[in-house]
Amino acid sequence: MAEQDWGSEQYVLEQFSRFYSTGAQHVEAPTEIKQREFGFLSFGGRTMFRHIGFEDTEELRRYLRNYSPAHSYFSGAYYEEPRAPMAEKGWIGADLIFDIDADHFYLPCQKIHDTWTCKTCGEAGKGHPPERCPGCGKATFTEENWLCENCLEAAKYEAQKLLDILIQDFGFQPSELTVNFSGNRGYHVHVRSPLAKGLDQLARREVVDYVLGIGIEAEYQGLTSRQVGGGSMLGRGGWRGRTIRALYDFIGKSTPEEIKALKLGRNTTRDLIEKKDEILSSLMNQHPSRIVRYIDKKSMGKLLDAAVDEQASAIDTVVTTDLRRLIRLPNTLHGKTGWLTQNVPMEDLPDYDPLTMAVAFKEGTEKVYIRRAPEINLQGEVYGPFEEETRELPLAVAMFLLCRKSARVVR
Amino acid sequence: MISEREAAKYPFLNDAVTLVEALGLTLEDLMDPGHAKVLDRAERRVAQAIMKGEASPELGDTITELLSFPVGNMFVTAMGEQFLFRRYALSEAVRAQGLLKDETEERLAKIARLEFGWTLRLVDERLDGRLYRFELLFKDYLRNAAGFREPEWKIVNRLMRGGYVLLTRREVSRLLQEEIQRRIADLVSRRRQISLPGPLGVKVESLQKVFEENRSRLTGRDLPSELVTEAFPPCIRHAFEGLLAGKRLSHMERFGLTSFLINVGMDIDEIVNLFVSVTDFDEQFTRYQIEHIAGLRGSRTKYTPPTCSTFKTHSVCYNPERLCQHIKHPLHYYRIKVRDIQREQGLESGDEAPNTQTTK
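The listed protein sequences correspond, in order, to chains A and B.
According to this note's numbering, the first sequence is numbered sequentially starting from 2.
According to this note's numbering, the second sequence is numbered sequentially starting from 9.
Worth double-checking, as some hints may not be accurate.
No farther apart than 20 Å at their CA atoms in a straight line, the calculated lysine to any residue pairs in the SDA-like style are these [to be verified]:
{"no.": "1", "chain 1": "B", "residue 1": "K147", "chain 2": "A", "residue 2": "I168"}
{"no.": "2", "chain 1": "A", "residue 1": "K139", "chain 2": "B", "residue 2": "A253"}
{"no.": "3", "chain 1": "B", "residue 1": "K336", "chain 2": "B", "residue 2": "R347"}
{"no.": "4", "chain 1": "A", "residue 1": "K139", "chain 2": "B", "residue 2": "L257"}
{"no.": "5", "chain 1": "B", "residue 1": "K118", "chain 2": "B", "residue 2": "L27"}
{"no.": "6", "chain 1": "A", "residue 1": "K337", "chain 2": "A", "residue 2": "R372"}
{"no.": "7", "chain 1": "B", "residue 1": "K147", "chain 2": "A", "residue 2": "P175"}
No lab work stands behind these hints, which were simulated from the structure alone.
Bear in mind that the values here come from a model prediction, so they are computed numbers and not experimental data.
Start from the sequences and build out the full structure, keeping to the hints where you can.
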């Protein structure tokens, strides 16, 4: 069978088309639809249809029914003329958008379901590809990345940390925030607020640095060697409290072995082990500058980095700083999974399970030949792993494997 | 209504502008010998901008101080030098900042709110032994502080809660300086270039001369024409070596590397060959992209590489060295390093032309 049959594109297109014949009715237009640019990727085609504008929701739905695109996007930006070429659109402002994608994380489960192969020498391994191929020293790899409930949980956790920062620190109202499951490996958070709309690129970069904790320095978190007055910062808002809480948790839960593993200064390591209670009580009751005498400057930097990593939210840096980004439209299908990009009300997020909720093709079965796929948990059932086999599977599973181009329909 | 003294201190305020307009002075009036003091002071303001980058206030004669500001603006507009627009605006803004920092909290707040639309609240809070008297909405804060390099200005190093950033009096006046600078830069660059008659034109000519004499000192030295790869900053070196090994660079790495190579004078063909030889990029497409960055296509803007802080955000910054702490731009690193290398080689080989290595 020829290579291009993997994914049975014509079949998938028909399924998408069948879905949109009724599903398009559930697609809601983003706010200010007339000022938004839309973009679509069709099956087979490689080019993006951009610079598309709609007058109202009905026109957008009609487009989806007519074309059944593999991927559907809209702009976070607002334009005078969304249909004009980029330079003539007339940028008015943009929502503040965050993209959280488990692809960018380092997770233990990736060692199970992700693989890389060196394009030059064929050396292969599990997880993320290395900086350089251990076999030949080159750095060109093909990657096969899958996903599982662990990745999705990790992404959700990052989204929750982000929401906390946006509400507590930036003061956005919960009603100004929307959370969408991306339809694949992560979540998108949109902020629609007059305060966010006009932020320029430089300002958005500062927001990114804030969310990621980039550039945090001990001295400006109260961890200064100057003797200053003031009480504990443990309950403070912003990074102030967050860094001190992070340090408190980190020092509190670390075993002597874990502290030694950080390779801090010798005196610092000793104090962190022997005077742990003293240090924790200082953080609890006094100004953070009181613990500086136990920890040398370099060690403080290392400790802070480790602690901050746990508190920061792992957002994608490019998406947020791009003033003209296109982002997935909720309630449309993701062409690489066959799942829905789905709005998740903030209060439902803790219990939200995309592997049941975002499944679009809920009924029926299909017979497919699968070349290779790891185990996948969908709608509460575990399927696979598969290796060169023909199976009759629930449509949701078959569509997922087809969209991943790991299977083809057997007729 | 604003007092004459207040207007002289802050002549860019809307009230001060109204006050000047009410006097109804014409160009002819200004050429009258009775106004010679105003012209002299205006000339001094511009000269101070060129020479020191900071005008000093002269509040002994308030009406002259006030009137010389719009005249100084006119001189700068007439000179038509983009670089001077920025420098003059900075010079005037620094002058104003020096006066602002002695104002009361209430006065600062009034200027910030009424003139620049800040959402600012007065507070009274002590933190780390410092007294904070203001909190400012983050969007107003970022509009002014996002370009600052010092770590204490990053919001991640500030106390922010509910969208408000705590600030001291001195910090508020520093941020106001940014607003003022933007307003003045806008004032002098907004109008089309004008030519001024009589004694006014004479002043412009003499300022033109002062500017020419200082141009090279102010606008910086040119880079060497030959590529000095050993002077590449670590981030660029890392991306460059990654590319040679066939690594898939991120968009930011590719853009940073390409614009850096263009700016240090690498030949377009060489850059195209470099990318095509180590990646599977299509040559025509690659050339188009590179020529776009070089300003030969599209918007005709020649792009400079992103700043160090942008590289940090997008994790392109790699193994920063000691020199990296003192610079904010990869090209700045290169310029300093090239100078150091040339100096070293100059010592080794006497006064011969520096023998810099080029990539081939």
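Against the structure, the hints come out as follows:
1. B:K147 - A:I168: holds, 15 Å
2. A:K139 - B:A253: Measuring from Cα to Cα gives roughly 5 Å; hence the hint holds.
3. B:K336 - B:R347: Status holds; Cα separation ~17 Å.
4. A:K139 - B:L257: Holds: K139 (chain A) and L257 (chain B) sit about 13 Å apart, inside 20 Å.
5. B:K118 - B:L27: holds, 18 Å
6. A:K337 - A:R372: With Cα atoms ~17 Å apart, K337 (chain A) and R372 (chain A) stay inside 20 Å; holds.
7. B:K147 - A:P175: holds, 18 Å
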